[in-house]
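Using the sequences provided together with the hints, build the complete structure.
Here are the chains, one letter per residue:
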Amino acid sequence: MTGVERIELWIGALLTLMVYSFLYRDNPFYKFAEHFFVGITAAYAMVLAFWNTLMPNCFGQIAPSLVGHVLPTAAENPANPVRWIPLLFGLLLLARLVAPLAYLSRWAMALVIGYAAGANFTRYLQSDFMGQVRSSMVPLLVRDAGGIAYGSSLSNLVLVAGLISALAYFFFSKEHTGMFGRASRFGIWTLMVAFGAAFGYTVMARVSLLIGRFQHLGRWLGDIF
Amino acid sequence: MLRVVSTVLIVLLAPAAQAFADPPSPPPEIRAADTPHDRGRSVDLSWSPSASEESGGVTRYVVQRAVDRPEEFHAVVTLPAGSRAYTDTSVRDGVSYFYRVRAVGPAGESESASAGPVRASQQWFNPRKSNLLVIAAVLIGGISWFIFQASKGRRLYIRKIAGIEAIDEAVGRATEMGKPVLFIPGIEDMDNVQTVAGLSILGNVAQLVARYETRLEVPTRRSLVMSVARETIKEAYLKVGRPDLYNDAMVYYITDEQFAFVAAVDGIVVREKPAACFYMGAFFAESLILAETGNSVGAIQVAGTAMPTQLPFFVAACDYTLIGEELFAASAYLSNDQKMLGSLKGQDVGKAIAAGFILLGVALQTAASASGNGALVNAARWVSSLFRINP
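The listed protein sequences derive, respectively, from chains G and W. Read left to right, the first sequence gives residues 1 to 225 (this note's numbering). Read left to right, the second sequence gives residues 226 to 616 (this note's numbering).
Simulated from the structure, these hints should not be mistaken for lab results. Be a bit skeptical, because a hint or two may be false.
Computed list of lysine-lysine pairs in DSS-like fashion (alpha-carbon distance at most 25 angstroms, straight line) [to be verified]:
#1 W:LYS576 with W:LYS354
#2 G:LYS31 with W:LYS404
#3 G:LYS174 with W:LYS498
#4 W:LYS498 with G:LYS31
#5 W:LYS354 with G:LYS174
Covered, in the sense of this in silico footprint (three residues per stretch, anywhere, with C-beta under 8 angstroms from a C-beta of chain W), are these stretches of chain G [to be verified]:
#6 102-112
#7 138-152
Note that the Cβ used here is the ideal one computed from N, Cα and C, for glycine as well.
Pasting the structure below:
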């Protein structure tokens, strides 16, 4: 193990222990790790946004020859004056800092929200609506070479009953009473069963993360002793 | 005997030997056309196989391209033998291109006729997605109809949602205990509709907080969310006549990094000990960490998310959870905004149509599977194709 690797191992192990100390109670070690983590990541996010977003997508497109001195890939493309528009909207967001012009920032926010709503509409309509409706059209009686495939038929029946009853639960225009109410209650039970399965599955994944951290601590202890 | 064997070998191996001796013959036909129904910057190429391919005389095809004139061709891509088509996505709209496809074998490279000129262009309408257009039109039509009805004064009925009553209760409890209310509008940016719904609920919570003169804390992971949250809260305080209580410091940005944000929020929870915690928006792996920490300080917790993988954690660790679409319904219900209520009713129409088509599709598929009748099989396929996602 090189000296640099040893330093990395120690920093990782000590910060892990500091964070895990929160399991006992809030304490100065946890506070240190928390503020250290927040400070470093906030600065890193800013640097990342500047070099990965602002420079190549905005300044590098507006003035490629100028930015090309520090970002060589920017000089490969011709100037793209259209990029002045997002820059202008970005500056409008900063208008919040000047009280009399603060209202201008709402235009930029409206653009972001409006664009997101429009762009997401067709995406969700395809994946969450059309795709799911199509894949739910399954036969309740499945045949195979040997006759009726009872297992597949039962699976499809559970799928369709669970889906239709869950849809009933998420129907807001009608009071959940009578037959409709019973279907809706079956729907919420179906959802809870699904949540239970998902909970167990995810807990298993989290345990693997914990094992990863323990392995790091194990390497650290191995280095000490 | 030896002569006979050598004659047979010569007869058998002659074609192969010939194939390796001469350069392969060129693909006899090359076609180049603008990719149909696309957003431009794409040309489709196809060609017939070289006559030498069958005898193993072709190992690859080289696609070449020239700009403006059929001269000075440059290689675009090399494809394995057996390839018949290629889509060139490295072109610019409105520029004339010429293409050649050369067959390359052990004995060299073929000549090639050129195809072109071809120009890439963008089409406004993709007829393959007509079904998407019709479904979108039906949904938008339903939503517009209910918004129109609401604007004419018609009362739109929305059923009660359990988690909504809990919001009043939670803020009231925080007021009685003299402790702050913590609101996390998810960890995603403003381009996520769940964040928008979460901020809409924040507006209602802020009105209650302003009315009861309770303290509100809103840490955010995205700077744009912080700006919108400030606007939302300021408006809420103005609405209830308490702009004097508002200050920008109640909404603050922490960091963009997911788990650093969680570490900071956990710290805030154990130090400030809020009496009510709201988690409304899009969450990922941090959902259980946040909810467990809130639970450990005895806060009443109301969550709402449409992230299916995180709902189990909120259901387990929070007092009330708005499940999936209830989050959007709650924001419409609380805001009492006629456009949002109309939109919710329109979505119900969409759900009813979806349920109807699913049941129809299931009935046809079942009947087709049970009877094997060709007409039923075709009918089931046709209904299913209405919802096909075409590229």
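Against the structure, the hints:
| no. | hint | result |
| --- | --- | --- |
| 1 | W:LYS576 with W:LYS354 | holds, 21 angstroms |
| 2 | G:LYS31 with W:LYS404 | holds, 22 angstroms |
| 3 | G:LYS174 with W:LYS498 | violated, 39 angstroms |
| 4 | W:LYS498 with G:LYS31 | holds, 16 angstroms |
| 5 | W:LYS354 with G:LYS174 | violated, 33 angstroms |
| 6 | 102-112 | holds (count 4) |
| 7 | 138-152 | holds (count 6) |
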